[in-house]
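Okay, so the sequence shown: first residue is 40 according to my numbering, each after it adds one.
Calculated from the structure, these hints are not laboratory results.
Each computed DSS-like pair below joins lysine-lysine, with the alpha-carbon atoms no more than 30 Å apart:
{"#": "1", "residue 1": "LYS87", "residue 2": "LYS64"}
{"#": "2", "residue 1": "LYS51", "residue 2": "LYS98"}
{"#": "3", "residue 1": "LYS51", "residue 2": "LYS62"}
{"#": "4", "residue 1": "LYS51", "residue 2": "LYS116"}
{"#": "5", "residue 1": "LYS109", "residue 2": "LYS94"}
{"#": "6", "residue 1": "LYS94", "residue 2": "LYS51"}
{"#": "7", "residue 1": "LYS94", "residue 2": "LYS44"}
{"#": "8", "residue 1": "LYS92", "residue 2": "LYS64"}
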Amino acid sequence: MEDQKLRDHVLKVDEEYRHLAEKHKGCEDRLERLEHRFYLSDSEKLEKINLKKQKLLLKDRMAEILNKFKGELAEQKA
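Go ahead and model the full structure; you've got the sequences and the hints to work with.
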């Protein structure tokens, strides 16, 4: 299954993946808003660092879920 089709399928059937994707998008949106600011306060700089870390953790967990689904699909085809 093509990667985008797999992601779309998992978004529909896996609640955890859907929740993680929503949180990831929220982090992405907030980071984008911070990136467009001319000046960041110290707390905003810290928030930016933490958002990047959280976004990576979310992406890693989403990748784990996708790999699990890929494995299940491979088993079904075998």
